[in-house]
Amino acid sequence: MTTVVLKNLVKAYGNTQVLHGIDLEIKSGEFVVLVGPSGCGKSTTLRMIAGLEEVTSGEIQIGGNLVNDLEPKDRDIAMVFQNYAIYPHMTVRKNIGFGLRTSKLSKTERDQRIDEVAAILELTNLLERKPNQLSGGQRQRVAMGRAMVRNPSAFLFDEPLSNLDAQLRTQMRLEIKKLHQRVGNTIIFVTHDQVEAMTMADRIVIMKDGVIQQVGTPLEVFYQPANTFVARFIGAPSMNMLNGEVGGEDLQLDNGTRMSVPLNKLSKGQKITVGLRPDDLLVKENEGLFSGKVSLVEPLGSDTLAYVDVNGTEVIAKASGRFPPAIGDRVNLHSAAENIHLFDSNTGEAIQ
Amino acid sequence: MTAADSLDHNSQMTSLRSAAKRKRSQAQFIRWLLLFTGGIAMVMPIIYMLSTSLKYPFEVYNLNLIPEEPTLDNYRYVLEDGRFFGWFTNSLVIATVTTLCNVLFDSLVGYVLCKYTFPGRYIVFIAILSTLMIPTEMLVIPWYLMSSAFGWLDTYWGIMFPGLMTAFGTFLMKQFFETVPDDFLEAARIDGLNELQIWWTVAMPLVRPALAALAIFVFLGNWTAFIWPLIVTNSQEMYTLPVGLTTFSVEAQVEWELIMTGAAISTIPTLIVFLIFQRYIIRGVVMAGLKG
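These protein sequences, in sequence, are chains A and B.
Quick note on this note's numbering: the first sequence kicks off at 208 and runs consecutively.
Quick note on this note's numbering: the second sequence kicks off at 19 and runs consecutively.
Because the hints were derived from the structure by calculation, they are not lab data.
This structure is a prediction, so every number in the text was calculated from the model and none was measured.
Certain hints may be false.
Looking from chain A toward chain B, a few residues come up when the C-beta cut is under 7 Å (computed) [claimed, not checked]: (1) 227; (2) 290; (3) 309; (4) 454; (5) 455.
Built from N, CA and C at the ideal position, the CB exists for glycine as well.
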């Protein structure tokens with residue numbers, strides 16, 4: 208187990224800078240997920256930690272050692288790739304044992320290690336098969352096995368679940384989490400899927416355009432998003448955003464609606480953005496922050512998502528699954544005060 | 019729509035369908051005819067070669083496919099002629115060594131050009147490709163001067179050196195290595211293999227079809243090579259098979275039956291190579307994006 212520290216990490220390709228000074232400290236045994244949209248620099252960061260990309264400036268420390276100039280093999284890490292990268296011409300046994308080729312273990316010890324890993328990943332019966340005889344989930348497990356067999360200090364996962372179908376992805380999510388609980392190694396996991404990030408991570412690192420937007424536990428980034436980007440990126444459906452201005456006694460939204468919110472930290476005339484998660488914005492009969500006309504409903508079973516037109520702005524709210532509103536109904540939308548997020552419209556930063 | 023209209027519509031549809039079917043069969047027939055003609059054109063010389071090899075000299079200029087008095091005397095004569103075995107061995111050694119060298123060097127250069135980024139990579143690749151535009155006949159003189167200067171005339175090395183690495187092979191291998199995902203190489207890098215080990219252990223097995231295709235091309239090319247071995251060799255002992263077979267033509271006459279017998283025997287190794295690797299050759303050519 209080991210710590211991974213990134214200090215002012217910068218990556219540039221020619222004149223194009225893609226990482227703008229990443230600072231991150233990953234504790235020993237921690238499961239950290241780097242998440243963000245395509246092109247945010249999460250995979251580049253991971254590849255730099257692995258040693259597959261050169262560092263333009265800054266420092267990478269693994270287990271307290273500066274590894275900027277070390278070859279990937281000397282960093283004591285293992286990586287699982289998006290496309291599994293298991294060799295089609297080798298059996299499962301050879302694939303898993305591939306990482307031990309350069310070790311000084313005897314053949315018996317190697318075989319023993321392979322058998323142990325295969326048993327953990329339930330691959331024992333598949334050891335003599337070739338990858339083309341395996342399902343997607345089994346291939347993914349082989350890739351994990353190849354990483355595990357070397358017992359590295361840290362595991363790096365580069366979007367390993369992207370190629371799996373939804374059901375298998377859920378299953379593999381659980382397996383990776385179980386694996387972490389069992390082996391306790393440091394894991395750095397890259398994904399663009401915020402559900403994966405929320406369900407697996409001890410801490411989530413949300414990135415955008417080569418800059419870390421927020422680092423926190425899943426609940427922190429969900430309930431206390433640092434800015435509008437994080438607020439919209441985490442949670443599905445995305446948080447409703449309504450622009451407005453602080454009035455004398457309440458908030459005047461740009462669509463003409465007025466909203467009562469605590470104004471103690473706001474100054475009159477300040478441009479702000481109100482964030483309301485669809486889960487926290489409830490369709491009510493009588494009370495409400497504002498009202499609107501239902502334009503679309505999406506029944507989800509236990510709940511219904513109602514798309515409500517509030518003076519020209521569409522917001523998503525949660526309604527009863529059993530008694531959903533009908534399209535065209537006029538409904539009131541209510542949210543508890545503690546569920547209202549306020550952001551500075553100019554900077555996008557949260558107003559705490 | 020009335021019942022009569024519906025009937026009319028159905029009969030129209032049926033006639034349209036049968037017209038389309040007729041057109042399809044005609045097109046099919048033309049395709050088959052063209053393929054058959056092409057096949058005959060390619061097979062006839064081989065059949066003639068075999069037929070001539072079974073004829074006595076007096077019957078050689080008869081165009082009959084089946085010899086009136088078939089004989090294996092030509093085969094006996096050629097095989098008992100000590101020189102033939104020597105030429106056969108020369109050709110086999112030269113073609114085999116050249117093939118192995120091509121498989122090794124072309125794939126190494128193709129791999130480097132494909133998987134590594136370095137200044138001038140594109141220029142090097144273009145320079146290699148541009149040599150494909152120079153006809154062999156133009157290169158023969160510099161090759162000869164080189165061989166003469168280095169004392170390689172009438173040696174195996176002199177025959178082999180121009181073909182130990184080819185631009186075509188490099189291009190073929192580079193194209194194939196494009197299909198090997200970088201993830202494989204990076205995974206091996208993380209697992210601790212050095213670059214040469216990655217090339218040999220990971221990349222090469224993944225391009226086996228291309229290697230087989232390249233091996234066939236190079237082997238056939240060298241097995242049938244004529245002009246350069248003819249120029250660079252002086253003694254009959256160093257002749258390759260195609261060059262050696264020409265000694266059956268003497269001033270007074272051309273012993274076609276012996277030449278054809280030698281040619282028939284010389285096709286055996288190429289047939290064996292082709293039969294072993296044939297499933298790869300098509301895949302290799304298709305994947306390299308070339309028209310075979």
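Comparing the hints with the structure gives:
| no. | hint | in the structure |
| --- | --- | --- |
| 1 | 227 | 24 Å, violated |
| 2 | 290 | 5 Å, holds |
| 3 | 309 | 4 Å, holds |
| 4 | 454 | 56 Å, violated |
| 5 | 455 | 60 Å, violated |
Consistency with the previously given hints fails for numbers 1, 4 and 5, ordered from lowest to highest.
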